[in-house]
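Got chain U; can you put chains A, Y and Z with the ligands on it based on the hints?
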Amino acid sequence: DMPAPFDAPAEVEIALVRYLSTGDFFQAYLSGVEQQAAALGVTLRVFDSRQDAALQADMVDQAIALGVDGIIVQHGLTESMQEAVQRAVDAGIKVVAFDVNVENPAVPQIEQSDRDLARLALEQAIVDNGEAWTAGYVYVPGIAPLDRRDETWRDFKGRYPGINEVAMFGTLDNPIANAVANQARSVVSANPTITVMFAPYDEFAKGVMIAVNEAGMGTDVSIYSADVSTADIAMMREPDSPWKATAATNPAVVGEVSVRALAMLLAGEEPGAQVIVPPTLITQAMLNELDISNMEELGAKLPAFVHADVAMPAWMPLPRR
Amino acid sequence: MTARRLSLVDLAIRYGFLLLMAGLIVYFSIVAPAFLSPQSAVFVFQSVAITGILALGVTATLVVGGFDLSIGAVATSALMLSAYVMVIWEMSAGVAVALCLLMGATVGLLNGILIVKLRVPDLLATLGMMFLLVGLQRIPTEGNSISTGMALPGGGAAQGTFSPAFLMLGRHRLDFFVENLVPLSVVFLLAIAVVVWLFLEFTRHGRLMYAIGSNAQAAGLAGVNVNRYKIVAYMISGTLASFGGILLAARLGRGDVASGNNLLLDSVAAALIGYAVLGASKPNAFGTAVGAVFVGILLQGLTMLNAPYYTQDFVKGAVLVVALVFTFALSGRNGRGRV
Amino acid sequence: MTARRLSLVDLAIRYGFLLLMAGLIVYFSIVAPAFLSPQSAVFVFQSVAITGILALGVTATLVVGGFDLSIGAVATSALMLSAYVMVIWEMSAGVAVALCLLMGATVGLLNGILIVKLRVPDLLATLGMMFLLVGLQRIPTEGNSISTGMALPGGGAAQGTFSPAFLMLGRHRLDFFVENLVPLSVVFLLAIAVVVWLFLEFTRHGRLMYAIGSNAQAAGLAGVNVNRYKIVAYMISGTLASFGGILLAARLGRGDVASGNNLLLDSVAAALIGYAVLGASKPNAFGTAVGAVFVGILLQGLTMLNAPYYTQDFVKGAVLVVALVFTFALSGRNGRGRV
Amino acid sequence: MADQSIRITGLTKAFGRNQVLRGVDLAIPAGQVTVLMGANGAGKSTLVKILCGVHGADAGRVTLGDVPFAPVSPAAALRAGVVTVHQNINDGVVPDLDVASNLMLDELAEGGRTFINRRALRARAREIAAAVGLDLDVTRPLAGIALAERQLVSIARAMSHRPRLLILDEPTSSLSTAETDRLFALIERLRDEGVAILYISHRMSDIRRLADRIVSMRDGAISGVFDAAPLDYSGAVRAMLGHEITEVDVTIPAPGAPVLAMQGVVLRQGARRFDLTCHENEVIAITGLVGAGKSALAAALFGLGAAVEGQVSLDGRRHAPKGPADAIAAGVFLAAKDRLINAVIADFDISRNLTLPFLRRHAGPLHWVRRGSELARTRAMIAMMGVVCQSPRDGILTLSGGNQQKVMVARWMAEDCRLLILDEPFQGVDIQARRDIGRRIRDSAARRATIVLCAEIDEALEVADRIVVMSEHSIVGSHRNENINVAAIMAEVVEAPHHARLGAEGNPTA
Ligand SMILES: Nc1ncnc2c1ncn2[C@@H]1O[C@H](COP(=O)(O)OP(=O)(O)OP(=O)(O)O)[C@@H](O)[C@H]1O
Ligand SMILES: Nc1ncnc2c1ncn2[C@@H]1O[C@H](COP(=O)(O)OP(=O)(O)OP(=O)(O)O)[C@@H](O)[C@H]1O
Ligand SMILES: [Mg+2]
Ligand SMILES: [Mg+2]
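Protein chains in written order, with the numbering used here: chain U, 1 to 321; chain A, 1 to 339; chain Y, 1 to 339; chain Z, 1 to 510.
None of these hints come from the bench; they were simulated from the model. Beta carbons are placed, not taken as given, at the ideal position from N, Cα and C, and that holds for glycine. Be aware that one or more of the hints could be misleading.
[Said to hold, decoys possible] Computed footprint of chain Y on chain Z; a stretch qualifies when at least three of its residues, placed anywhere within it, have a C-beta under 8 angstroms from a C-beta of chain Y:
1) 189-197
2) 318-330
3) 352-358
4) 366-375
[Stated by the list, open to error] A few chain A residues that don't get close to chain Z, going by computed Cβ distances all over 12 angstroms:
5) Leu11
6) Val95
7) Ser163
8) Ala318
9) Ala329
[Claimed, not checked] Quick list of in silico lysine-lysine cross-link-like pairs, DSSO-like style, CA-CA up to 27 angstroms:
10) Lys282(A) x Lys117(Y)
11) Lys282(Y) x Lys282(A)
12) Lys282(Y) x Lys322(Z)
13) Lys282(Y) x Lys117(A)
14) Lys282(Y) x Lys117(Y)
15) Lys282(A) x Lys117(A)
Isolated chain U, as found in the complex (with noise of 0.2 angstroms):
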């Protein structure tokens, strides 16, 4: 009782081209990937290009050649990505984008939307400290969701003066934990007077509670992130713990949704030019008032985190739970 052409799921095969995939995050995703194609029955194939946007986009075309019928692109640039996705749809296959804006109306974009993802975080902020602190601040440049996480942060300090920016670092030197928290150390040894610290990555948050916790200043200082993890859960439930609070998409839940989108495009349904997956926050109270220890638990106990309410039609099959 699905519509054409998921009468026979079998037939139909549809491709994910993925830009990143090292991390939590993009394992995450591409398991809910591959759980929601397995309740519709369709075939998966995976293309990894390991974070190299030319060979993303020859991905594509490959993708094409091999007469798959639908694509998901997850991650990559606008710019090198524009063109073949434009051969994609020229050839008849429907494509959604993750993440990243392919500037093509045949192309749903699918969002975790980074903006949303730092409003919720800092409003947090906002709350447990005020409106005024000295802040410390994670970021490194050029890198798209950081880049839209960052237009979110200067708005805030637009917003609250008393938000006083005192030092700004990052870096992406692998391990990046361990790299941002030798910079963190630097930092809050010269900077002691810094209250909330901004790591609007979940790399960067925990790289920044390591090196406040061994700076002795745990009880001084309040982390605020983006993205979760099983990890990111226990260390923000460590006794004393800074990290007060993320906001975040199930990684998960965004794959499914994902699928779902491109499904509905295949179906010949129309999912809208964007679909947004609402981000949730997360703070330190809640999750141990809730006793939550890991992502299952996180989505057992927060509804709104382990299903999205977007892109459903009435005959889309979810994921068994």
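Relative to chain U, chains A, Y and Z with the ligands alone:
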């Protein structure tokens, strides 16, 4: 005492690697039939075009007994520079290409001078240069990627664009039996491979460069201008790396700060695999090109089999080790002392 | 004829680098007063403890004329392995440490065998091993990080935790004048540096390893078991790298998926900077330790001055190049041929 | 024809504080062989390196014909017609390239067409090789050919240019008689064509054969010029040494118990079986052509490669070492030939070089090296061997070749052993140092058996109680060193014609 008659072992040494590659192709075509299309073949070449070009540059420095760790950074610097020139200074594609190549050659020259005149050991000099460039390329934009419309520090937005002529370098496809089949970047890879191969193998200069790599002292005493050739090798390496960066920029269409992280290791791997091809046991352009394509085939095949990304690294490493053990253990001699 | 009286140039060669370091310290203390606290000093050491330990391992391979590109991957493999052992297998800290060290030693042994017995050139063998390990370490968890509570493939959640004893390795602090001042990792760095230094500089084995690095053939004809010492050098390198990985795990408290490329580059940089310390012009443990601390000071100072990350790379590269030009150009001789 | 002669006036050169050349005045006339004699470290090679553009002089001038000559690089010297065969053989060849490219290396460096015409290159290379009688496949990689052939390659390359000044720095150090003879014939031909030749050697037989004039050099200055026929050889030696040469007087002691016994040994496939016994308190010199199997014999005894067949016993026990460490433990020491390749640890000082094989003796608990003990032993050995140096901490490469050689021999005399094998211990050593080393070998020979391998019969005569001749990997004669018939030995040495060896190796000739 070198037997002219080719024994089985000799054959294995000479052709073992190519055989392995053929075996892989056969295997992949059976388990993933799509592997054997012209598109797929072109894709293999295209996916390694940029690393291949960088690897050919590294080969030139390996030939003179040197090593260049700065190639990855040179490529990303060229990526940023070309974007800067076109998007912020709003100049033409020609200027961008010229400035990038000049930059690459200059970095090569500096590397060469550091190593030859100031006697800094090669790994050290090029490692320092690498760090320096990685930082330098981000200073003008304060770490931001460069794209049309980006906010300028002075206020306003950048109006320049990547010119179509420039983008063509990375994106245009030539008709070859099938329409729109062969991308220009593949043509560049093949052309550069052939030129570097001819240069190293058949010209006086190439021969002298091999002589330097083998025994610089003896070459110098025979009247070879050792320093000049070494500097030239680093300039070749820098120039090719910057050309790789230009192609990358043309493919990306943006000065992306996050791209090009793996270029160094992948191209070094290709150049080193080249030692095993045809039992050369020394750096050589043909081997380097084959090495690059080999890695491309492997990754393409694994992708077709839906292997997760981390198994690709694993298989790459395992095949590399096995293929090389095979070659070097059988040939019973060490490669060139230097590596 | 070695002149006993030290001329100005000799002094500059011997102490120039240390002087530069002193200058940096003075400069940073003036512009960033927080720089000169005991905590800050300790932190500099702590921030380079892991790379420093890896660099000491690389030094051992450099001494025998080799090179080890796999250390970064060994360290991250140890990071994943220790987390796996404690979190998924729910075993003790002791088992985790023992298995990691065993893994490091085994990888070193394999590297050594590849290089010595199977005659694969060192860069090639260790590069292959690096790719292999980067992939391998992710296979058991299918690319996921390891932390308590993670979902297991068989269903259910991992119940094991990082034991406090294990975490202490990275986090415990000893009293030293100031209470809770010196972290254990710093103690490890210093202890390992001293042991490696004493070993290489003052024991018979160290002497023979230097002999091998200088002229392996002559060492072999003097009855030195060249192959065994080379293998031992790679085993030292692998073991120290895995120990670095253990410290990393203890600091992070989880098994993060990471490539270790930056660990590799930073430790190679430290080991190579060591060539310039005291005008040694050869790999040496004291120089390596100083090189690591030097980089730590530089980054600590720059971060305190709010310099963005890319200027840190730039300054690191620039200082590296300048310091080394200074040393090598003045000393008027090339470093050991190998590097 | 313009004046071809080379004039050197007031040439000085210092390395740091070490004043190596102190005002050299020298003329090298065209059409004559000028032999330059000098003790190790006198500055001969330094002078050569200035003439061929490797080093610049500090002061003084050189004129080539009438024009001033101050080459800034080896290439410049080559262009001016000054061609050099360097003392260190490996300074002359490039192991990774084939023989043809090696023979043509300087022509390739000089310029010419960008693309190499392989066929023409090989043809020309064969011509060059043939001129010195070098008979081998020019497409072989140089790495696979023997040292003597490598030396011939660099000589052939130098000879091929019809130079104005040809400098040969100890060109015969690895050559055997047949090759030496051919080389000398070539040198004479070039001399007759008007080439100025500067020939450096420590071998009196070479000098007697070739010299038109002898120039002696001592401590960086010319100490005597001898050009009146008949040449005053002993005067030249006196001028170079500053004193009379010590005479050797071999008195053969009574040999003791047998130490090494080899029975029915076949060194390599197809070689003839032989026996050899060495006694305590006996010094045996084994002589023979280059490639006759002397080193192969040493290798078998030192665990570097077993013989094909036969019994070897040491003090009555079977001797089959698996490697050098094994051999050393059994009391068999080998001082290998070609010290820069096989012995010298360039990064080490004298004492560290000297104690290398026996470091265990100087190590305390935890394998800690006792520097004091090491230095004491080094001082003792420096005194015993008469090594000229400032201190045991001097870098080994700061020593002159002869002194380096003394250290390498001393390395193996620092401990007692049962059998000491010295492979070409006089390589590159001046006549006085040769006598010194020889005397030390003999003086300390009482409680061991000693085998000295040397291609030069003169050297064998100076050091040995018994001279054993090898040919084609087998022993063909043995002579007590008393009233010896040199001609008979020579006959045995050359018994197997030289070309048979190459033929036997199955190398098709071009
Ligand atoms: N590059 C150099 N740097 C420093 N000292 C040097 C250098 N080359 C030679 N010397 C020194 O110059 C002196 C003369 O050396 P040279 O090689 O000219 O002697 P030689 O007469 O050729 O001796 P031999 O007969 O042993 O070859 C020696 O004391 C040597 O240590
Ligand atoms: N590495 C090698 N590759 C090829 N041929 C070799 C090699 N080593 C030795 N030979 C050949 O083996 C033969 C015996 O060599 P060996 O060194 O035993 O002779 P030798 O009489 O000791 O010579 P020398 O007088 O130089 O010491 C020679 O013909 C030589 O060319
Ligand atoms: Mg000399
Ligand atoms: Mg011999």
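Okay, the hints, checked on the actual structure:
{"no.": "1", "hint": "189-197", "verdict": "violated (count 0)"}
{"no.": "2", "hint": "318-330", "verdict": "holds (count 5)"}
{"no.": "3", "hint": "352-358", "verdict": "holds (count 3)"}
{"no.": "4", "hint": "366-375", "verdict": "holds (count 4)"}
{"no.": "5", "hint": "Leu11", "verdict": "holds, 19 angstroms"}
{"no.": "6", "hint": "Val95", "verdict": "holds, 31 angstroms"}
{"no.": "7", "hint": "Ser163", "verdict": "holds, 35 angstroms"}
{"no.": "8", "hint": "Ala318", "verdict": "holds, 30 angstroms"}
{"no.": "9", "hint": "Ala329", "verdict": "holds, 19 angstroms"}
{"no.": "10", "hint": "Lys282(A) x Lys117(Y)", "verdict": "holds, 19 angstroms"}
{"no.": "11", "hint": "Lys282(Y) x Lys282(A)", "verdict": "holds, 26 angstroms"}
{"no.": "12", "hint": "Lys282(Y) x Lys322(Z)", "verdict": "violated, 33 angstroms"}
{"no.": "13", "hint": "Lys282(Y) x Lys117(A)", "verdict": "holds, 19 angstroms"}
{"no.": "14", "hint": "Lys282(Y) x Lys117(Y)", "verdict": "holds, 26 angstroms"}
{"no.": "15", "hint": "Lys282(A) x Lys117(A)", "verdict": "holds, 26 angstroms"}
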